[in-house]
Amino acid sequence: MVDRGEDWRSAARGELLGLRSRPRGWGYRKGASPAVEPTCLACLGLLATRRPAGPESRDEAAAIVADAADWLADVQRPDGSLGAAGASSGPGWPTPLGLLLWRACGGREGPRRRGVEWLLREQGESWTSTTHASPVLGHDPRIVGWPWVDGTHSWLEPTATAVLALRAAGLGAHPRCVEGLRLILDRAIEAGGWNYGNKSAFGNALRPQPAPTGLALLALARQNARTAIVDRAIRYLQEVLPGIRACSSLGWGLLGLRAWDSAPAEADRWLAEAFQHASGRPDAAPKLALLLLAGGDHGTDLFE
Amino acid sequence: MEPTCSSDAGAPETNVKRRRFLVGAGAVAAAGLGLKSFRTFDESARRAEVFIAKADSYDANLEEPIRAGLSALGFGPSRVAGKSVLLKPNLVEPTREAPHVNTHPALIRAAAAVFRGWRAREVFVAEGQGHCRDSELVLEQSGLEPVLDEERLEFVDLNHDDVFFVANTLRFTNMERLGLPSMLRRADLIVSMPKMKTHHWAGVTLAMKNLFGVMPGVYYGWPKNVLHFAGIPGSILDVNAAVRPHLAIVDGIVGMEGDGPIMGTPRHAGLLVMGTNLPAVDATSARLMGIDPWRVSYLAAASGRLGPIAERHIVQRGEPVQPLVQNFQLLDHPSLAGLRI
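Respectively, the protein sequence lines represent chains A and B.
Quick note on numbering: the working numbering labels position 217 of the first sequence as 217, and the sequence is numbered without any gaps.
Quick note on numbering: the working numbering labels position 224 of the second sequence as 224, and the sequence is numbered without any gaps.
Be careful, since some hints might not be right.
To be verified - If you anchor each label on the Cβ, the simulated ranges turn out as follows:
#1 A:67 with B:117: 56 to 62 Å
#2 B:96 with A:171: 36 to 42 Å
#3 B:81 with A:110: 19 to 25 Å
#4 A:228 with B:96: 24 to 30 Å
#5 B:270 with A:268: 46 to 52 Å
Rather than coming from a laboratory, the hints here were simulated on the basis of the structure.
Everything numeric in this text was worked out from a predicted model, so none of it was measured.
Glycine residues also receive a C-beta, built at the ideal position from the N, C-alpha and C atoms.
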């Protein structure tokens, strides 16, 4: 399949399609078992760079995406979650990505409903206000978001993806979603940006990272005013992304900037350079997916 | 037979099987023995050798002290030839500004050269960093990426590998089983290559704590939340008993003091510490940092169960400990106040 012009996107799509695991889905690495997260990202990347209308619905990529969405429905667990390690085992943190893909593909109402119900039940462990008074922690551990693993604390990335999935399901005003946004704002690093979810420890401010920052900005877009926290995060990404060609960080970072109409004109060149770097590597699938998501015309639409 | 992290390289091996992990019925039996050993632990029957080498900077020839140290420990060409060697550095998070957070690329390059020189079948680098999902970014920012490219060293992201499960034989935590990355099965020899650092939760982070990075993030989260909830000291012990690494090479050329493992300040110690028994290596490293290993909870608990930590049970090779002791600064927090020798 060829996109508009023979740019890096066409090559990335072709390579990504070639990396598909047999019989269905994508793994984190060539030869690895198919897993939910790389499958969802690959499909979203393909959808983000799809043609505007018409033939796409009949082409190979569209059929593969539809098949992958069906595979996710097949491996969905009875409780509604999608497992991280292997298709149906491990913690359920990739479930929001499955919901975003199903929403983008349309249909699959039953799996979507069960996935949303699981997501609304799932929550991170919160701690008491006494703990919050300790100078060891920089954030408010009373706020409930989403954990990576059931029975542990709430962290930035699973909370951001949960907020995105719930909003896409029309639940942006749900109290869980509102509290999730509050958690994201609470975990913002004073100097700008986010990391995995610790803004300081033992009184020392910790370092931000591009991918969590992009994800947080994506989650806050459309639901939060352009506050000083957002401005500082945008500035952080605009400062660091010119020197970063790591695909996941560049991809999520640019998606965050695009959600706030702040992506620089050079972004496409950065993505093309990152593609050159990632192409041919055994673990290229999730990397190419992120580049396509960030570089596609429909990338941010898939999260709205 | 009690759980041990000492080398099993002397055991017969086949070409098909790489490393043996306790699975199935065998694991249940071993777990019973492990629990029995909790009732009495006495390290007087345990001995281990640790080699200390001076290395003033990363520009120095680092292959030479590594080769000398491993040879003195009896870990020479005959133990390495034909083997698959996994180097496990300590790559915590991406930062160009604080290179003392991560194991220095020059040391990884040197270790790889030594093992290749001893005709290892393959040498590869593997990590599942705890604070950042994007391993490509960590490699980019730590300066390791160009070294991997130049030396044609494969890197494996352990956070996103397929997972297999083993019984938790030691049971210092309530985790019944541990999920490990499939790539561990490919390696005949696992080499822990930590940075010599203080740690605001555990006291010190050295060869044993470095193995948190083996645990797959897809299963344990970031920053390996499940292990934190289960208890850091107990998890260190359980993970070491499950992974059973063969060797440690501690990067103490420039370590970290104060608010480790990521926000501390650089501390030049000019040392490499090597050994096949990780509690012994960590106990020696702690002493070199001016920290009493008996007061570091996971090291005290490792005594007798996973190795010796008493000075009298550790045969010191290379440089002597005492003249090289430097008091690494500790964070001013009550939980760390009693660690000093």
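Non-conforming hints, listed in increasing numerical order
Violated: hints 1 and 3.
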